[in-house]
Amino acid sequence: MPGLILFAVFFIVPSVIGLFISLFQMYGFNFASARFAGLTNYINIMVEDDTRKALYNTFTFAIVTTIFKMLFGLLLAVALNKKLFMTNALRTIFFLPAVINTVAVGLIFSSMMHPTKGLINRALGAIGLSALCQNWLTDPKLAIFSICSIEVWKWSGFTMVILLTGMQNISVDYYESAQLDGASEWQKFRYITFPLLLPAINNALILSIIGGLKVFDVVQATTQGGPGSATEVFGSLIYKSFGTGRFAEGCAASILLAVIIGIIVLPTYRFIADKEVEQ
Amino acid sequence: MKNNWGKKLTAVTLAGLMTLSATACGSSAEAAGGGAPESKDVETLTVLMYTDWYKSGWEALEKHVNDNADELGFRLEISKIQGGNQGDQVVKTKFASDDLPDIIQVYKPQWVETNAGQEGLNKLVDLSDAVDVSEYDPNALDGTYNYNGKLYGIPMDSIVLSGVFYNKQVFADAGVEVPQTWDELLSACEVFKSKGIVPVYYSAKDVWSVQPPAVTGPVIEAKNRGISTFELMNQIDTHQLTYTECTAFVDAIQKSKDLIDKGYVNETYLSDTVDMAHEALANGECAMYINGTWCADNIEQKFPEQSENIGGFAIPQDDGDNYINMFTPYSLCLTTNCKNVELGKKAMNYLASSEAQQIYASAQPGLYLNKNVKSEMPAATADLKTIMDNGKSMTDWEEINKYSYGNLGENVLDYYTGTFKEASDVTKALDEETAKSAEAMGDDNWK
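Chains as they are written, first to last, in numbering that gives the first Met the number 0: chain X, 0 to 278; chain G, 0 to 446.
Since the hints were derived computationally from the structure, they do not count as laboratory data. Model, not experiment: these values are computed from the prediction. Using N, Cα and C, we set each Cβ at its ideal position, and we do this for glycine too. Where hints are given, some of them may not hold.
As the list claims (entries may be wrong) - With a cut-off of at most 35 Å between alpha-carbon atoms, the simulated DSBU-like pairs for lysine-lysine come out as follows:
| # | chain 1 | residue 1 | chain 2 | residue 2 |
| --- | --- | --- | --- | --- |
| 1 | X | Lys116 | G | Lys192 |
| 2 | X | Lys213 | G | Lys420 |
| 3 | X | Lys116 | G | Lys373 |
| 4 | G | Lys192 | G | Lys222 |
| 5 | X | Lys116 | G | Lys401 |
| 6 | G | Lys54 | G | Lys301 |
| 7 | G | Lys420 | X | Lys116 |
| 8 | X | Lys81 | X | Lys187 |
| 9 | G | Lys62 | G | Lys122 |
| 10 | G | Lys167 | G | Lys384 |
| 11 | X | Lys140 | G | Lys261 |
| 12 | G | Lys261 | G | Lys384 |
| 13 | G | Lys79 | X | Lys213 |
| 14 | G | Lys446 | X | Lys52 |
| 15 | G | Lys401 | X | Lys52 |
| 16 | G | Lys301 | X | Lys116 |
| 17 | G | Lys338 | G | Lys149 |
| 18 | G | Lys420 | X | Lys52 |
| 19 | G | Lys261 | X | Lys52 |
| 20 | X | Lys140 | G | Lys427 |
| 21 | G | Lys301 | G | Lys344 |
| 22 | X | Lys140 | G | Lys192 |
| 23 | G | Lys149 | X | Lys52 |
| 24 | G | Lys167 | X | Lys116 |
| 25 | G | Lys344 | G | Lys62 |
| 26 | X | Lys153 | X | Lys82 |
| 27 | G | Lys420 | G | Lys391 |
| 28 | G | Lys261 | X | Lys116 |
| 29 | G | Lys338 | G | Lys79 |
| 30 | G | Lys420 | X | Lys140 |
| 31 | G | Lys149 | G | Lys167 |
| 32 | G | Lys338 | X | Lys52 |
| 33 | G | Lys122 | G | Lys401 |
| 34 | X | Lys140 | G | Lys194 |
| 35 | X | Lys116 | G | Lys194 |
Claimed, not checked - Pairwise CB distance ranges (calculated):
| # | chain 1 | residue 1 | chain 2 | residue 2 | range |
| --- | --- | --- | --- | --- | --- |
| 36 | X | Glu47 | G | Asp131 | 46 to 52 Å |
| 37 | X | Leu95 | G | Asn223 | 44 to 50 Å |
| 38 | G | Asp125 | X | Ser14 | 37 to 43 Å |
| 39 | X | Val12 | G | Thr272 | 20 to 26 Å |
| 40 | X | Glu47 | G | Thr246 | 22 to 28 Å |
Model the full structure from these sequences, guided by the hints.
Set out below in structure tokens:
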């Protein structure tokens, strides 16, 4: 019961108030001058050029980071699901980026990705690969992918931990039976590990999609949506709406984002959940 | 059972020790008195400001006031909050929730009106009959501190002037004179480029710093129209004029990009910061940097031996009639939440006096609005002050706008990086944001 009250006070009530405010036109906290605007705020957001660009960037970010986080997370989980020398140490090392503050990560990568003074371009130059040097965070076409790579670096270890937990719940009996039947490592993965890992994959995938669509911190810490608005995402648009005092617009954008996430995540979750098998 | 008694005994002992230590803390705090001894008759006035505004000037003034509290009749207790957007949100919330200190430092009364409405402005006390402003140039106060016929605040900090900062040695070595027209500036850039020196440094990693080359535009527009920037902004605020119709503004944005297109700007400008620009200018790696007098202050602090080698001039115009932007100091305002308003007024009168302003200025050299304040200033600031003294400056328009126009720096960068095709796309974006803000406020002029 106390949990329900806290949930209502800190989630349900603010959400309802946000929904209510989003239907008005108002500036700052000037509630006295608020005028009912219906769906105007929602329509304004949807027809703006900035929103289209932000949505494009947000979806690009969510798709790219989800694919690579799942891929690297799975590879790391498979590799570290064996008793090897330093297995525990390696698991800790790969998980560590997830606990580093995003602002610190942003500052470090901004420095590393500087076109002339950054470690990445200098290292490429030192090994004779100057042709690969890029304006990682300032090329409008490349910047969003550079930010994706930072996100993948930061969160692949986290995905690995979720998948690793799932793998360790799979009974060894299946593998022993498969071994007796002469199954190869690939066959064991394809027919035992992967199907039984689907619940963990589903969780990791959903978390990754939600994180990708809600992205804000890593963009703010690296490019602040720039150069110009080249890496603007939906989260930074909401931030700007609130920052300029257009609270109703900010509330409408937040609700819109929640709806978009819901529309994508719920069917995805259901689709994968239907394919899960029980041990 | 025995173990339980042991645990209980340990818990009781620890609780006792904590109580004792808490009492001891209270006693010592009382004894210490938080600094200077408090007198029964001296009231404390609470002050709120952003952390980055509390610099050596405020530090010295706070100490002076609190050390002389008995004589002055008041003490100051300054609270600081984070600056930037998040700090702005806190201040807006405080205005909305009526959770204001006795004294608050804000950008301008206009900022309060824009962000907290007329109700917010009503929470500031009119100081017209309480503060002696005879030591200030009335023109410098009008429209900012003096707003809508009321004196809402007093200046607290130094003036910032924006212009072109240049390395005198680099100019001398290249045999280049200070340019007076835009064509002369381009010729100078060509000379520096041919010598392998970056002619003009941009520092777009700090987005705000791409604004100074563009913000002179509306000042030139006001000059061309024969009006002040206040009148210009009034026309924009009332929808009689748009930013896009200010052709000098569009021209300034266009010219700032021309410098990039002609190869006169550092190649990595999108990744470079303001600090890097200051270092490059001080070391002679670049010839010029367009910014505010923060630049001169920063170079004096970090590269004191180079400070005298840095000069300043106005951004040259086609006709050589050059102006600079003047950013007036932040406003210190008394709020209606002050329980002893008469004491608050007395304190504000003292803080506006040349005595208090001199204490501030001595600790934090710069250019001050109080005419009786003497302060050392960097050579570049002195150069720009000469231009201001010759009547070639106007109050920066960004400080006196009624409606938020979005992020100019971001829009300029959209133009630099190709998202916007024309310079007028930048001003159109400002117009759209202004319209949205005005509509959100219910302004009939935008219906």
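Outcome of the hint check:
1. Under the criterion of a C-alpha separation no larger than 35 Å, the hint pairing Lys116 of chain X with Lys192 of chain G is consistent with the structure, at around 21 Å.
2. A C-alpha spacing of about 30 Å is found between Lys213 of chain X and Lys420 of chain G, which places the hinted pair at or below 35 Å, so the restraint holds.
3. Taken as a hint, the Lys116 of chain X and Lys373 of chain G pair is broken in the structure, with Cα atoms around 42 Å apart against an allowance of 35 Å.
4. Between the alpha carbons of Lys192 of chain G and Lys222 of chain G the distance comes to roughly 32 Å, so the proposed pair stays at or under 35 Å and holds.
5. Pair hint Lys116 of chain X plus Lys401 of chain G does not hold up; C-alpha atoms about 42 Å apart against a cutoff of 35 Å.
6. For the proposed pair Lys54 of chain G and Lys301 of chain G, the alpha carbon gap of about 16 Å is at most 35 Å, so the pair holds.
7. Distance check on the hinted pair: Lys420 of chain G and Lys116 of chain X sit about 30 Å apart at the alpha-carbon level, within 35 Å; holds.
8. Restraint check: the Cα-Cα separation between Lys81 of chain X and Lys187 of chain X comes to about 14 Å, which is no more than 35 Å; the hinted pair holds.
9. For the given pair, Lys62 of chain G sits about 28 Å from Lys122 of chain G by alpha-carbon distance, which is consistent with the 35 Å threshold.
10. Restraint check for Lys167 of chain G and Lys384 of chain G: the C-alpha separation of about 17 Å stays at or below 35 Å, so the hint holds.
11. Between Lys140 of chain X and Lys261 of chain G, the direct Cα distance comes to roughly 22 Å. Compliance with the 35 Å bound is thereby established for this hinted pair.
12. Between Lys261 of chain G and Lys384 of chain G, the direct Cα distance comes to roughly 31 Å. Compliance with the 35 Å bound is thereby established for this hinted pair.
13. Proximity of Lys79 of chain G to Lys213 of chain X is assessed by CA-CA distance (about 31 Å); at most 35 Å being required, the pair is judged to hold.
14. Simply put, Lys446 of chain G and Lys52 of chain X have alpha-carbon atoms about 28 Å apart, close enough for the 35 Å limit, and the pair holds.
15. A threshold of 35 Å between alpha carbons decides the hint, and for Lys401 of chain G with Lys52 of chain X the separation of about 28 Å falls inside it, so the pair holds.
16. The hinted pair formed by Lys301 of chain G and Lys116 of chain X meets the criterion: a straight-line CA distance of about 21 Å does not exceed 35 Å.
17. Restraint check: the Cα-Cα separation between Lys338 of chain G and Lys149 of chain G comes to about 21 Å, which is no more than 35 Å; the hinted pair holds.
18. Restraint check: the Cα-Cα separation between Lys420 of chain G and Lys52 of chain X comes to about 16 Å, which is no more than 35 Å; the hinted pair holds.
19. This hinted pair checks out: Lys261 of chain G and Lys52 of chain X have alpha carbons roughly 29 Å apart, not beyond 35 Å.
20. Using a Cα cut-off of 35 Å, the hinted pair Lys140 of chain X and Lys427 of chain G holds, with the two alpha carbons roughly 24 Å apart.
21. Distance restraint check for Lys301 of chain G and Lys344 of chain G: the Cα-Cα separation of roughly 39 Å exceeds the 35 Å cut-off, and the hinted pair is therefore not satisfied.
22. About 28 Å separates the Cα atoms of Lys140 of chain X and Lys192 of chain G, which keeps this hinted pair within 35 Å; it holds.
23. Taken as a hint, the Lys149 of chain G and Lys52 of chain X pair is broken in the structure, with Cα atoms around 45 Å apart against an allowance of 35 Å.
24. Note on Lys167 of chain G and Lys116 of chain X: the hinted pairing holds, with a Cα-Cα distance of about 27 Å set against a maximum of 35 Å.
25. For the suggested pair Lys344 of chain G and Lys62 of chain G, the alpha carbons sit about 20 Å apart, so the restraint of at most 35 Å is met.
26. Annotation: proposed proximity of Lys153 of chain X to Lys82 of chain X holds, straight-line Cα distance about 24 Å (limit 35 Å).
27. Simply put, Lys420 of chain G and Lys391 of chain G have alpha-carbon atoms about 33 Å apart, close enough for the 35 Å limit, and the pair holds.
28. In summary, the hint linking Lys261 of chain G to Lys116 of chain X is supported, as the alpha carbons are separated by about 24 Å, within the 35 Å threshold.
29. Our distance criterion of 35 Å between C-alpha atoms is met by Lys338 of chain G and Lys79 of chain G, whose separation comes to about 21 Å.
30. With a C-alpha separation of about 16 Å, the suggested pair Lys420 of chain G and Lys140 of chain X falls inside the 35 Å cut-off, and the hint holds.
31. Simply put, Lys149 of chain G and Lys167 of chain G have alpha-carbon atoms about 44 Å apart, too far for the 35 Å limit, and the pair is violated.
32. A threshold of 35 Å between alpha carbons decides the hint, and for Lys338 of chain G with Lys52 of chain X the separation of about 51 Å lies outside it, so the pair is violated.
33. Of the pairs offered as hints, the one joining Lys122 of chain G and Lys401 of chain G holds, with about 18 Å between alpha carbons and a cut-off of 35 Å not exceeded.
34. For the given pair, Lys140 of chain X sits about 32 Å from Lys194 of chain G by alpha-carbon distance, which is consistent with the 35 Å threshold.
35. For the given pair, Lys116 of chain X sits about 22 Å from Lys194 of chain G by alpha-carbon distance, which is consistent with the 35 Å threshold.
36. The hinted range of 46 to 52 Å is satisfied by Glu47 of chain X and Asp131 of chain G, whose Cβ atoms lie roughly 50 Å apart.
37. Judged by the Cβ atoms, the range 44 to 50 Å given for Leu95 of chain X and Asn223 of chain G is violated: they are separated by roughly 59 Å.
38. Our hint of 37 to 43 Å for Asp125 of chain G and Ser14 of chain X holds, since their Cβ atoms are close to 42 Å apart.
39. Distance hint for Val12 of chain X and Thr272 of chain G: a CB-CB separation of about 42 Å, inconsistent with the stated range 20 to 26 Å.
40. Take Glu47 of chain X and Thr246 of chain G: their Cβ atoms lie about 26 Å apart, and the range 22 to 28 Å holds.
Of the numbered hints given earlier, the model fails hints 3, 5, 21, 23, 31, 32, 37 and 39; all others are met.
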